[in-house]
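Here's the letter readout for the chains.
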Amino acid sequence: MFGRLTLGAFVHDPITEITIIATMLLALVGVIFLFKFKLIGWLWKNWFTSLDPKKIGVMYLCVAALMLLRGLADALLIRAQQATSVGASHGIVNADTFQQIFSSHGTMMIFFVAMGALFGIINMILPMQVGSRDVAFPLLNSISFWLFFGGVALINMSIIVGSFSNAGWLAYPPLSELAFNPGVGVDYWIWSLEIAGIGSLLTGINFIVTILKMRAPGMTLMKMPIFVWSVLCSMSLVTFAFPILTATLTMLALDRTIGTHFFTAGFGGDAMMYINLIWAWGHPEVYILILPAFGVFSEIVPVFSGKRLFGYKSMVVALVAITILSFTVWLHHFFTMGAGADVNAFFGIMTMIISIPTGVKVFNWLFTMYRGRIRLTTPMMWFLGFIVTFTIGGVAGVLMAVPAIDFEVHNSLFLVAHFHTMIIGGVVFGIFAGFTYWFPKFTGFTLNERLGRYAFWLWITGFCLAFIPLYILGLLGATRRLDHYVDAGWQGFFVIAAIGAVIICAGVGMQMLQIVVSIVQRKQNLVIDGDPWNGRTLEWSTVAPPPEYNYAIVPEVTERDEFWVMKKKGLQKKTNIVYEAIDVPKNSSFGIFIAVFASLFAFAVIWHIVWLVIVALIITILIIIFMLTRDREDDTISAKEVEEIELAAEKNRLYA
Amino acid sequence: MKQVVPPEVQIASRRTLKGYITGFLLSLLFTVVAYTLVQTHLGNGHAVVSNNILTIVIAILAAAQCIVQVVYFLHLGEEAKPRVRFLAFLFMILVVTILIAGSLWIMNNLNYHMMTPEAINKYVEQQSQGGF
Amino acid sequence: MSQTPETQQAKAAFIASKVGLGFWIYLMTDLVLFASLFATFAVLRNNTFGGPGGPQIFNLPYVLVETIILLTSSFTAGLVTISVSRANKRLALVFLAITFVLGLSFVAMELSEFSHLIHDGNSWTRSGFLTAFFTLVGTHGLHISIGLLWMLVMGYRIFKKGLTVNTIRQVTLLSMFWHFLDIVWIFIFSIVYMIGVL
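Residue numbers (our numbering), protein chains in the order written: chain A, 65 to 720; chain B, 5 to 136; chain C, 1456 to 1653.
It should be emphasised that the hints constitute simulated quantities derived from the structure, not laboratory data.
Bear in mind the structure is a predicted one, so any value in this text is a computation, not a measurement.
Please note: incorrect hints may appear among the correct ones.
[Said to hold, decoys possible] Covered stretches of chain B, as calculated for chain A (at least 3 residues, CB under 8 Å):
1) 87–96
2) 99–112
3) 116–122
C-beta: ideal position from N, C-alpha, C; glycine also.
In isolation and in its complexed conformation, chain A is listed as follows (with noise of 0.2 Å):
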């Protein structure tokens, strides 16, 4: 009835039940809370229903920053185990706990936080900077975003029914085939990955086709922000790169539970090639994340160094370089499996050939700064951490990029330093330059500057202090992933990247005390204008908060920086605008309801419940049909409320 679903995977260690147990007594307060003041029908309509952009994304920066937690919380207990195991004393927890808490760490912080971050500063900015009201398809956008949760809900179902996966974040076979993990924990890996990638799949298409259809009139691709070319470029890379994924995943998936023999060790399997193909999908992934990071950073540097970008022309091709040449390295991941030299030479050149791009972009930004008059706001700050470490990060990886010297390093400390590194120094620290930027648009009151800088300052001496250690013991020998060593002299490195790891969570509390402080203080620190930083990009020329619509009167582009050519040829206020009345996507519940249903399915494979995967996947298919058969229509807004909405905004705005 249940297939293996048994009452035994209710049960777990202690320490597990005690956290499961206070979470959702933490959740059952938050869900008596919502109904006492009658917030949950609020919710449903304007927030979980809603198919505007700037909603959703909100909702996918507030799952990614629960994840984040999440995420920092595996981090400590890896950092407290290895810190403390060594010689005569295992750490804290045991090997197998130790493998779930590492998996689970990897997983959660790259396709829930990166990832869903990422899409959410997209959602809020894409459409506004490219003088949209929406993006090309937004009930796919909201799809996407209940997609994205499913996945989310799944891997944190693992903990409370069963347990997570023990194999990695890439779960690797042998060791991920039924022979030596015959239990829940990969499955719970591959469909989280396998839903949460369609998501990311569609998001992707949706927003290629509105980047290259629904541009105000007059923006051309050249007079596009770097952002958006950015954005078009990694989810060019989204389209064409998550497929692999989600081929792979199946492959896996279907060796777990029909007996196919893709990757088992025996019976004519390859386990190779599931290496192969996860890093073909892999090496294109970190792109994903870094590239939008590249476009935060191309708007905040001219913005506070007074200056526009240098070298706009070279930016676009820098990007477009970058996009072509990340499917031609994967190899670089695997380097110690096995090939001749002649193939593991051919990938290490090319991996030092996209380096390249890349070096053009820090050139060209610090070009930007060149005798401009720099503004030391936050997201400056976060840009100048930026550079620092994402240059250190860069040179190790083009040394890594070097077969000879990657035989040394290769799955070592080093590596793991390394690509934190990136991701921090890159991806993260471009999330938060983002958010401190675009946070008084969406708000109408900036966030206290003496706070985030104090964030700051936490965030890189942790940062520092965490992983410069780790690049130290990776050359001293250090494998990664490891429970338990003996070298009693590593153990000071470990316990100074513990401190570092303590650090970085002080840092995460500065932040949300920022936004508390932010929320207290608001009314004094309110944008009337919307455009508290002097800004360059259309999206600052609409009030803040903007309205649902975004721009009543669509912009006509004419320049590149076209708001900052605006204030220059001096705003005038327009007069006698007829308003027009503006359609808005109704409020759709079908992307929870394809969401739930498709979890429902995962959930019922994962367990093996026959027959509800069957009824799962029967209703997913008649909603989904359901859905694109229906009747559509749309709200409209009607003439005389724009005109009510702009003529209320309008003594606040600089120009009409």
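Start from chain A and add chains B and C according to the hints.
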């Protein structure tokens, strides 16, 4: 209600039966040629040309038929500028080629460091003689 | 909300152009998915693990018939598009029905081939080669089945509502989908069956 005719269909109305028939007949031709070549080759006991050459010929016929169908059935050449679909198609071809050719090259090359069965036998024999 | 026909037309045209591009890009991604399966098949093609290889299990005349059926159905799908462009609802439904029947025959033949293999003990559990074969060809068959389901839904809607903006847009996407599936089959036919038999 007045029938609204979207551009997809407006372009389609310029399409004639001729394009589809051409595409269909060419595809049929390539299919039958490939089939006949293979059957004849098998009938001759793989004698006349080598397997490798026939493989290449079939691959070329497949690519040709693919182009025929993409042009005549999917109307790839008829896009107005900017030719976005064409660009997407080209990028897909690039990714697909790199993925398949790259995987074949890599996976084949992984045997570079593998011992041949003869070498394995020799090694095992040596070990059993020398003792540990 | 009163809009002039021109604006309505412009709106419909814009939506069709957005949706057409989006669906085209989705088709490109589906081709990358198939490429991953092709790459896997190519790598595992000789991993027969003592079981049968291509020459032992592939029936070329049978596959030729399958191929011609699918190719013809792709042609008749094109005839659906032409009928739609001439606003001929009846003819569109006729050709859609023919396409459906041909597609159904294709799936039936494929299922028969699969069931024979399984019956002989040569299912996907037998070897890496058979795993890759069943998955690649089976995924294509799954896509075809989804296309058939789509045809049923489309046929019903066109029958009930006629050729409206929405049904025209959707049936255009359906023919795009169907053409693309025949293109994938060209490669399965050539690489898996024709070359696999050598």
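Evaluated hints:
1. 87–96: holds (count 3)
2. 99–112: holds (count 8)
3. 116–122: With 3 residues closer than 8 Å to chain A, the region 116–122 of chain B meets the three-residue bar; holds.
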